[in-house]
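Asks: Read top to bottom, the protein sequences are chains A and B. Per the working numbering, the first sequence starts with residue 1, numbered consecutively. Per the working numbering, the second sequence starts with residue 1, numbered consecutively.
Quick caveat, the hints were computed from the structure, so don't treat them as lab data. Worth double-checking, as some hints may not be accurate.
[To be verified] Just so you have them, the derived chain B footprint on chain A, three or more residues with Cβ under 8 Å:
#1 128–142
#2 146–158
[What the hints assert, rightly or not] List of simulated lysine-lysine pairs, BS3-like, C-alpha gap at most 30 Å:
#3 B:Lys70 <-> B:Lys122
#4 B:Lys70 <-> A:Lys98
#5 A:Lys8 <-> B:Lys70
#6 B:Lys63 <-> A:Lys163
#7 B:Lys63 <-> A:Lys174
#8 A:Lys95 <-> A:Lys166
The C-beta atom is built at its ideal place from N, Cα and C for all residues, glycine as well.
Given next are the chains, with one letter for each unit.
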Amino acid sequence: MVSHVSIKLASERVNHSVASNNDPPRFYTPGEVITGIQDFMRGHGTYAEDDCLKASVAGVMQKVNKLICIRPLKSRYVGEIGDVVVGRVLEVQQKRWKVDTNSRLDSILQLSSVNLPGGELRRRSEEDEQMMRKHLQEGDLISAEVQNVFSDGSLSLHTRSLKYGKLSQGTLIKVFPSLIKRRKNHFHNLPCAVSVIIGNNGYIWISPHKSDILMEGNKDAIENYEIQPVGKSERETMARVKNCILALVASKMMLDDTSIMFAFEESLKYDNVKELLDPEAMLDVAFLTQHRINIIAEE
Amino acid sequence: MAGLLLSSTEKVFIVHGVQEDFRSDGRSNIDYRPMELETDVVSHASGSARLRLANTDILVGIKTEIDTPKPDKPDMGKIEFLVDGSANATPEFEGRGGENLASSISNTMQRAYHSSQAFDLKQLCIVEGKQCWKLYVDILILECGGNWFDAVSLATKAALFNTRIPLVKALLMDGGNVDLQLSDDPYDFKFLDVGSAPLLVTLCKIGEKCVVDPSAEEESCSVISLIVGITGNSKSYCADKGASNITDVDIKCSTISMNGPGSLAPKTLKNAIHQGM
Chain A
1 MVSHVSIKLA
11 SERVNHSVAS
21 NNDPPRFYTP
31 GEVITGIQDF
41 MRGHGTYAED
51 DCLKASVAGV
61 MQKVNKLICI
71 RPLKSRYVGE
81 IGDVVVGRVL
91 EVQQKRWKVD
101 TNSRLDSILQ
111 LSSVNLPGGE
121 LRRRSEEDEQ
131 MMRKHLQEGD
141 LISAEVQNVF
151 SDGSLSLHTR
161 SLKYGKLSQG
171 TLIKVFPSLI
181 KRRKNHFHNL
191 PCAVSVIIGN
201 NGYIWISPHK
211 SDILMEGNKD
221 AIENYEIQPV
231 GKSERETMAR
241 VKNCILALVA
251 SKMMLDDTSI
261 MFAFEESLKY
271 DNVKELLDPE
281 AMLDVAFLTQ
291 HRINIIAEE
Chain B
1 MAGLLLSSTE
11 KVFIVHGVQE
21 DFRSDGRSNI
31 DYRPMELETD
41 VVSHASGSAR
51 LRLANTDILV
61 GIKTEIDTPK
71 PDKPDMGKIE
81 FLVDGSANAT
91 PEFEGRGGEN
101 LASSISNTMQ
111 RAYHSSQAFD
121 LKQLCIVEGK
131 QCWKLYVDIL
141 ILECGGNWFD
151 AVSLATKAAL
161 FNTRIPLVKA
171 LLMDGGNVDL
181 QLSDDPYDFK
191 FLDVGSAPLL
201 VTLCKIGEKC
211 VVDPSAEEES
221 CSVISLIVGI
231 TGNSKSYCAD
241 KGASNITDVD
251 IKCSTISMNG
261 PGSLAPKTLK
271 NAIHQGM
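Make a model of the complete structure from these sequences and hints.
Replies: Structure (structure tokens):
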């Protein structure tokens with residue numbers, strides 16, 4: 001009989017830390033004294049008290065000349081212009097959508113910063129305003145780029161490129177934004193026939209590989225495609241990619257296309273995708289991935 | 001679960017996945033996520049357990065008290081369930097928000113443990129008709145990740161297993177009053193027999209099929225879920241009527257469709273559940 005339930009005892013909990021060759025950086029906790037105040041400048045995540053500079057968040061220190069910052073390990077997404085994000089539409093408002101991007105405030109997608117269906121370029125009319133819900137509904141997922149950061153830290157997004165826009169079938173994983181490695185490209189078609197969008201905001205979208213003709217195709221074809229069931233083999237690879245990413249996240253490893261691909265290759269020794277839910281298998285995959293990354297770094 | 005938004009295409013993806021018996025994390029329809037169990041976590045409770053099932057985090061503490069048994073059941077002890085949702089778990093629990101959910105969980109648990117086949121309350125009896133133990137089961141939901149009922153019942157069973165009932169040393173009958181003397185030695189206790197304590201299994205109907213242990217995303221895709229109480233009889237595992245209760249997430253469903261999945265699924269599920277225990 002195959003076991004369908006696995007219950008582990010907390011005393012046998014797997015330690016997910018993956019030893020890397022370099023020493024782990026010094027970790028500061030809130031209220032901990034970083035240094036005497038003398039000639040250092042106070043940066044983000046720090047405060048001055050009793051002639052000392054103290055950390056106000058839990059994280060690692062970053063020092064630029066005399067400026068001392070503490071970068072929190074776990075935080076909400078702080079946007080920068082040009083970042084690729086994955087977000088979920090929360091609300092349809094007048095001439096704009098409210099989008100959840102895992103940042104402190106909801107982001108805004110203006111009606112004027114989306115591509116109209118059919119790719120027309122013109123002023124947005126009243127009819128367009130009434131058609132907004134047809135275009136993007138509450139709950140819809142989109143990929144977008146950060147166009148602007150307002151003074152209060154909220155983001156304005158745009159989807160004025162064919163690669164951005166509404167996302168179709170697939171699964172979303174939420175990870176810490178600090179685990180995402182900044183890259184030139186955040187849209188990846190992995191060799192295993194799965195597309196991954198690694199949003200800078202820590203939202204990762206996994207979807208079956210989509211052919212490009214659909215981008216320009218007529219509306220009927222797209223709608224038809226959206227309800228087409230995804231094949232079993234594609235589903236399996238997607239689940240494998242998802243579990244690999246979760247394994248890397250459990251071990252707090254940086255995510256980019258190489259690390260995901262390495263983890264995917266290492267995970268192939270587990271025939272069944274659900275074996276990867278086991279904490280020991282997760283650690284094993286993360287460990288082997290770290291090993292391969294170390295080898296590359298040495299070369 | 002309310003408050004979780006999913007786009008229609010994501011739902012389509014999940015529904016098709018269930019149809020193919022291959023869910024988005026690679027599980028088949030009858031697979032549970034790995035869980036983690038910890039017992040004896042609260043030192044001042046008679047018994048306690050903490051269960052973590054993916055994101056769901058449940059803490060159960062059991063308190064024992066001496067009480068008089070109900071007149072119609074003189075030889076049985078009492079058991080009471082109290083569910084409390086921490087506002088940290090989800091914003092819905094803030095204020096009185098979680099009350100509905102909490103009472104539905106405690107009612108279901110109460111019904112599951114009510115049957116004498118499920119949990120033998122006679123072991124809680126001290127003096128027939130006069131004194132018995134009363135167990136207060138306090139369930140605290142620390143974090144929500146879907147599938148509460150299963151997690152709560154599992155954690156409760158573990159906590160009951162861990163419960164230490166002090167031994168009664170002396171008994172004085174003084175007219176109609178009973179005077180008890182409990183053992184002072186903290187190591188003088190007995191454990192409860194929990195072999196047959198019921199477990200709840202939630203079956204979420206997604207599309208045409210049923211899944212166990214739905215994630216929060218999957219729960220939002222389903223229109224109905226059926227909760228089946230299963231008792232593990234040490235002789236045979238076929239007795240499965242601790243409580244068969246139906247929560248209707250969507251009232252639009254007819255009774256037939258609600259019963260349909262429940263009648264076939266427990267058979268396949270029982271083996272799965274009890275192997276894990």
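Asks: Now look at each hint and say whether the structure bears it out.
Replies: Hints, one by one, checked against the model:
1. Counting residues of the segment 128–142 of chain A whose C-beta sits closer than 8 Å to any C-beta of chain B gives 5, which meets the bar of three, so the coverage hint holds.
2. Counting residues of the segment 146–158 of chain A whose CB lies closer than 8 Å to any CB of chain B gives 0, so the stated coverage by that chain is violated, three being the minimum.
3. The hinted pair formed by Lys70 (chain B) and Lys122 (chain B) meets the criterion: a straight-line CA distance of about 12 Å does not exceed 30 Å.
4. Among the hinted pairs, Lys70 (chain B) with Lys98 (chain A) is inconsistent with the structure: their alpha-carbon atoms are about 58 Å apart, more than 30 Å.
5. Under the criterion of a C-alpha separation no larger than 30 Å, the hint pairing Lys8 (chain A) with Lys70 (chain B) is inconsistent with the structure, at around 39 Å.
6. The hinted pair formed by Lys63 (chain B) and Lys163 (chain A) fails the criterion: a straight-line CA distance of about 59 Å is larger than 30 Å.
7. Between the alpha carbons of Lys63 (chain B) and Lys174 (chain A) the distance comes to roughly 38 Å, so the proposed pair goes past 30 Å and is violated.
8. Note on Lys95 (chain A) and Lys166 (chain A): the hinted pairing holds, with a Cα-Cα distance of about 17 Å set against a maximum of 30 Å.
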